[in-house]
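Peer 1: Read off the chains here:
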Amino acid sequence: MSKTTTQPVVSRRAFLMGCSAAIAAMAGARVTNVAFADPNTPDDASGDILITVFLRGGWDALNVVVPVDGTDRGNYVAARPVIKIPVTGQGAALRINNNGFSSMVELGLHPSMAPLVSLYQAGHLAFVPAAGLMSDTRSHFDAMQFMELGTPGIKATANGWITRHLASAPWLNTPTLIDSLASGGGQPMSLSGSTSTAALTGVGGFNIGGYWKYSDLQQAALAGMYSGSDWLAQAGKETLDTIDAINRANPGNYSPANRASYPGGGFGDSLKMIAQLIKINVGLRAATVDLGGWDTHEHQGTNGGGYLSGQVDNLARGLKAFFTDLNGCGTANFAKRTTIVTMSEFGRRVQENASEGTDHGHGSTMLVLGGGVNGGKIYGQWPGLATAQLYDKADLAVTTDYRSVLSEIITTRLANPNVSTVFPGFAPTTLGLAKVGAVNYPCEAPRQAFLPGIRR
Amino acid sequence: MDLAVVTLNRMAFGPRPGDIDAFNALGADDTSRLTQYVAQQLAPASIVDTECDAKIAATGFQTLGKTVQQQWADHVKAQNVDYLQRQRPAIEGRRLKWLKAVYSKRQLFEVMVDFWQNHFNIYPWDQTAIFGTWQQFDQECIRANALGNFHDMLVKVAHSTAMLYYLDNYVSQPGNPNENYAREMFELHTMGAENYKGTVRPTNFPVLPGVTPGFTQPCPEGYYDWDVFETARALTGWRVSDNEAPNQGSTNDGSFYYREGQHDKGQKIILGQQIYPNAAAEDDGLRALAWLSAHPGTGRYIARKLCRRLIGDFPPQSIIDAAAALFTAQKDAPDQITQVLQLILTSAEFKAAWGEKFKRPFEFAASAVRAVSGNLSFYGLQYGDELSYSSFDAMGQPVYGRRPPDGFPDVKGAWTNTTSVLMRWRFANTLMENDIQANLSAITKYAGEIKVDVVAQTPANLTTANALADFWINRILGRPTAASGTRDEMVRFMRGTFQPTSILPPTDITDRLPRMVALILMCPDFQLK
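In order, the protein sequence lines correspond to chains A and B. Once you know that position 231 of the first sequence is 231 in the working numbering, the rest is easy, because the numbers rise by one and skip nothing. Throughout, the working numbering is defined as the position within the second sequence, counted from one, plus 456.
Next comes chain B alone, as it looks inside the complex (with noise of 0.2 Å):
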């Protein structure tokens, strides 16, 4: 496959008019041209946004540049506020992630952070605390180090809000700890389930031989129940500054906020490193975190995941041991994250996969957009929830609709199912059909649309069914041609009772021209990234 096309459809959320041609300008051989690529985008800051900015600009944002206390202030605390403000904060985090998969030109820092708050998937609508307090997960936690360090990424997760709660930290006591966090935290966020080695940790567990950067006493293969229930320990105590215990130094601001009078301050044993007791405040929870940040185990699950996004369901070991072995190297550098990305998108690796990786609905929703150059829009706030409702909640990946922190699988089983494909292709029409719209008032303005206009974007001179068929093929796909099976249905669908070179009638084109766009959208070509 072209390399424009692989690298449009992994490193971006698809092409747009004119983006490969951009790629392929890029420098005189495919090597060249990638590298140079990749090196752009992995410095968004130096890549313009105008057309991004003019977008969010008009949108209205209220929220995004508001800390954590502002937001709690605004949206959790305050008193006669309508439930949509209270959920602004995460709503304006969801519009924010549509606009820029489809506007932004830093394309890979987007598909970073949709990978990030996959990774570290919260399901912000069951509390106000979470969906409230959004932003502060989003931009500080996730945005602010997408390509940047993993442990600084974990730290701060570990001391939002959202997160917080989401995993039930917020009320653990001693005594009895809630190990909910504590659990996830190494089997979904850093050494994965891979790494699991059972409940009871034997006495002469495996351990990794010679020292391993970080640990200060032998370093074990893998993680035990026990270390689980140790890390919930540490945690304890890891609170937000809600409105319990007022008089306990709480300040109700939203806050991280140690409480000390609720932390286990006895010893520990954490990953075979000892805690002595009485640390220092959150001390045992950060040496927690900075072990599980340096294991090795972490390094492989988060370069598995990676590859797994970048290049395929199933990557080669090759990769992946490359990947894992510079994110464990490189685990104090600030620009871990992008060292580790450079090695993967540059690689043979990356260059030589496609066709077995299916675009989920989120990626599938966004290239479709972005290949018929959709006009997205948000206005106010209504009931209704934009995009939601529409038949792109239907394909199964509502945005921030996981509910288990897992987050969304990233293997093309779960959603080559019956219900997930025909609910794609339904989208496809109703993109097509500009019914992307959401409000079910018709009253009121839509709270959030898309509008699509393919005849006007069609050259005037193309008017037979082949040209037409050749040209969307090409626009969409990003290359001139599709699978056999799917030219010739486009070109059968087109023209009608025409021939495949006959002039067709302004008016058949016209009916015509969308519904043809819309199957280019359905057809096998387009689901593989």
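If we strip away everything but chain A, and leave its shape as in the complex, we get (with noise of 0.2 Å):
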């Protein structure tokens, strides 16, 4: 038996690597999950790229897309005497158009917010205020894993819904693929805390290591050893797969276009690297990120400032690079057929707390993201904010599953039309918030700076 391979020849199916622990070192953000179809597979054959972005901890949900109008405004401020969003003057709310949204409610943006403004004004971006699980729990664990799992009230499920949109999409022809989420809870997420300033070293460094001189016979070696069929043979060989694919791309360093600006810290650059496997046509088709860090049950921040409001800048800078260095011409833009959503396991408590803070609740805020979204618009019901309308007496209702957004995702823009089979037993509601068909507006990208002296 010859063992003359040093290369291991990557997998025709399709697989997930779990990235997490390389980007460990940054507590507050981290890509969890990229799953790649076959490489030969032309990028803009089929369905968009799905990007999940987790808010892990509970978003406050009611102090992002905030009551600004109506008569919600005054049950809002009622409940948050201390940490309400103003309207007016220091870190007031931003204004956007509601479309008639709710007689019961005007909704406005945390200050923060602001990159993100101009998307929903061109039409790439649009909210679902009162999204997320039906189910009754306010513990994190549970609804997280209830979440990712896409079967609310049965953890017994065996694997997640974007491995199980994965395996049906008609297109992907994908045999064999790894369960991305009941690994979920592996490497650090963050409830609370800081974002780390951590740089990602990017998917550079992802080799063995070791002395160079043996590095190919070492990796002989454990393509040897890691070539039988149980778990531990599999995650062997998947490593090695995903060492070959990353280093054959050899992406080096990455320059965003479109002048797009990532927030430093772990977030930016994780979104940094998605942007740059996507750009690399090597068959990325979802990744999902943490940004943890919404856990803020003291001290959030009063008048559009402290705490939440880093968090929030963070993400809306940070998904407004993504988008924008996505966003170029002809057949550099990729954000026509990149959809990005986010969620969180839950809202939180209408009423402060007396720390300065906020407990667990239920309903919470997705934003959907993407060329394919049918933005600026404000998606669903308000279910209000009067005390016989709360959830328990408490929180924010649900008024839209979050099963129902991503229904209408992966039918509309994934193409795949066995959501039966993703959330098994569920009835969508179709919200329309996704473009049917191809995808095209007039190029957005910023003109190239003029470079004087460059001549040929």
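It should be emphasised that the hints constitute simulated quantities derived from the structure, not laboratory data. Quick caveat: nothing in here was measured; it's all calculated off a predicted structure. Don't take each hint at face value.
Quick list of simulated restraints, FRET-style, between CB atoms [unchecked claim]: (1) A/Q234 - B/D739: 52 to 62 Å; (2) A/S215 - B/F770: 28 to 38 Å; (3) A/D69 - B/D777: 51 to 61 Å; (4) A/D69 - B/L520: 54 to 64 Å; (5) A/S229 - B/Q773: 55 to 65 Å; (6) B/T672 - A/F426: 38 to 48 Å.
Non-contacting residues of chain A with respect to chain B, defined by C-beta distances greater than 10 Å in every case (computed) [claimed, not checked]: (7) F101; (8) S118; (9) N207; (10) A221; (11) M225; (12) Y226; (13) W231; (14) K279; (15) G306; (16) L431; (17) V436.
Every residue, glycine too, gets a C-beta built ideally from N, C-alpha and C.
Two chains, two separate frames, one set of hints: put the complex together.
Peer 2: Here you go:
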């Protein structure tokens, strides 16, 4: 038996790569999973690339997409005398066109959401307030697990909804997938605390290290040792495949397009790495990113400032940079076939607590961003903030099951009609937030700067 | 699998040279050896620990014996103190954990310290009050009770400065109490999410049949959010004597401080038990902790977790049930945890399980250092965080590095992802290249390092690829055979252009042997426990 292969061949099946540990140094954010299809599949063949951003810790959606007018402004102010986002003066909420969303409320945005206002106005970003998990839980860990499995109330589900989407999308033809979400809790996930500024080393350095002279021989030995079919051999094989795929792409240094400016720190670095993987055409189909630090039990900030403001700023600037980076012209418009959705395990209690924070609540707000989004609109139904309208008389109710938002994206943008496989037993409501068919809009990328003195 | 290998991988951080033989010398058959080993390990004070003691003495720890007041004065309150000096209690805790995992002969005790640290997980590095008082949490809460009584440990933790800060109870006030600690106490520390019944408690909530020891009124099967809310109220006023309200009795010495004026004195119902208003200081909080410790759901949750750690990811229900029943029945025994461990570790289920439990990164790294007789040393504090920033943290389990309170997961699915596996291989290479050292400055001495010389440990008469592969496979795995692919690959790697039975030139041995040993550390068999 001879072992001359020093480079394992990339398997033609799709695989998921848990990126998390590579960026474990960053406490606040991480790429949790990346799913590739066969690299030889043309990238514009079918469905969009799906990016999900999970806001860990239960974000205070009511202070991000904020009641700024209507009867519920009064309810909101009464419940949050200290931490409310003001409507005038320093830290005032930003006004956006509600397009007649609700008679009870007009919604605005946390001042740190400013980078996203232009994307909303341009029709690329939509909000779905009062969205979330219908299950009866205020536990972080239960709620996150239910959302990731996609089967609220059932923990025994063997794999996550993204895995089931990838396995059931007809055009992906993927016989084997690593379960991405049963392993979702594996690496540091932040519920509280600040966003680390640790740098991402990026996709470079994805190798076994050691003494260079023996690297190929060691890698060949690993391929020989991890050649069975049990779970451990699979894990080893997938690792070797990933080393090969990443190194084959040889991404080197990366500079974002269109003057996109990612925020420093883990979240910006994570999105930048994903943009890089999208652009080098190695068959990226889905990626999941965690952004932690939303468990704001105390001192979350007043007058639109403080801790929560920093969190929102990081999120907004990261999403803005990511979209801008992808939103080039012609074949460089990757934004047209990328859909980004944010979710959190729950929103927070309407009533602030005595430590100027908020405890675990229920209804949240989802953001949907992408070239294929019917943006500039607020979707769903506003349940109201009067006590009788609240969930358990305490929290914003959920009127849109988060699976409805995802189902529409899956069927319309990801070209997968098998939504009943992805979310078994669930009957989704269509909101109309995803564009049907190919996306076309004029080039929005800034013109290249004029560089004097370059002659050929 | 050999019972010696099973035992030393699951009750210890892997075998060191000689450990397998020592286990086998404990008795004439497996049962008597195991019984003897467990009995020894469950009496750690009677185990002589000379080598580890010497390592600790040589490291020059400064904070291990400090009271919380001393730590507060020296590391939190003191002015003009360097940041590393403030972090010293936690940094020394981390160093102690490494040294004991690698060198201590009281291995089961260290495994249980690791288990309870993870169970009551605290992320220390964000707040001075936490890392500056870490030794209170580590020594007085965890190490003092790791084999003792669960309720004692829970009460100690609830009074620790680190936990009161970490889960916000130190600022919780009546009116709108901060629920963070109460919720995680139910969900993570005692009854577990498996006993969470939902947000609203129905009028006729299901109760356990008969009288439940420790309860006066009928005991509910599980808990609801209302129990969390009421317990949060019961814990209001449980604070730290920090610099708040100096004229309210706070002396700013960093110890636990019951602030009566911030306690919600109203009546409460927790787990179906009534608490009358105006209870004595701490009384209603202590009652909640006692009920939580006594609830059979807590026994089941802790037993499941212990079996998951010590037996397998999905341990048989039979051993969970037996351990849970004993845990609950012995809730007041000072050696409750010892009794439960004795039951689990001498069970048929313990002996039978092998092949499904994947070492977590800390277990992997410690077992690798033990297997190759690495020399782990720590020196003066340096920025650069000794073993962090090395390839260890990249595996995803930095020591004291888990931010959320749930602790690191203990099932293989969490650790078999591509990057974690890659970084594990990389750690093996880094270790064998003698590059485990941290301190970004080349001028000053490293803050911590691990040095390995496998050539010096190899008998001089072993000179062929076959002999070297067999010697080191046996040495590292604790048994002569590995999966067939592993031995083939080791011989192939070691022999280079020579025959498996040829005498290799000494320079080839020096060059290839450490890299072959690295490969054995990367092989599938070494990842299991």
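Peer 1: For each hint, tell me whether it holds in the structure or not.
Peer 2: Each hint tested on the structure:
no.	hint	result
1	A/Q234 - B/D739: 52 to 62 Å	55 Å, holds
2	A/S215 - B/F770: 28 to 38 Å	37 Å, holds
3	A/D69 - B/D777: 51 to 61 Å	58 Å, holds
4	A/D69 - B/L520: 54 to 64 Å	60 Å, holds
5	A/S229 - B/Q773: 55 to 65 Å	28 Å, violated
6	B/T672 - A/F426: 38 to 48 Å	44 Å, holds
7	F101	28 Å, holds
8	S118	33 Å, holds
9	N207	8 Å, violated
10	A221	4 Å, violated
11	M225	5 Å, violated
12	Y226	6 Å, violated
13	W231	7 Å, violated
14	K279	21 Å, holds
15	G306	15 Å, holds
16	L431	27 Å, holds
17	V436	35 Å, holds
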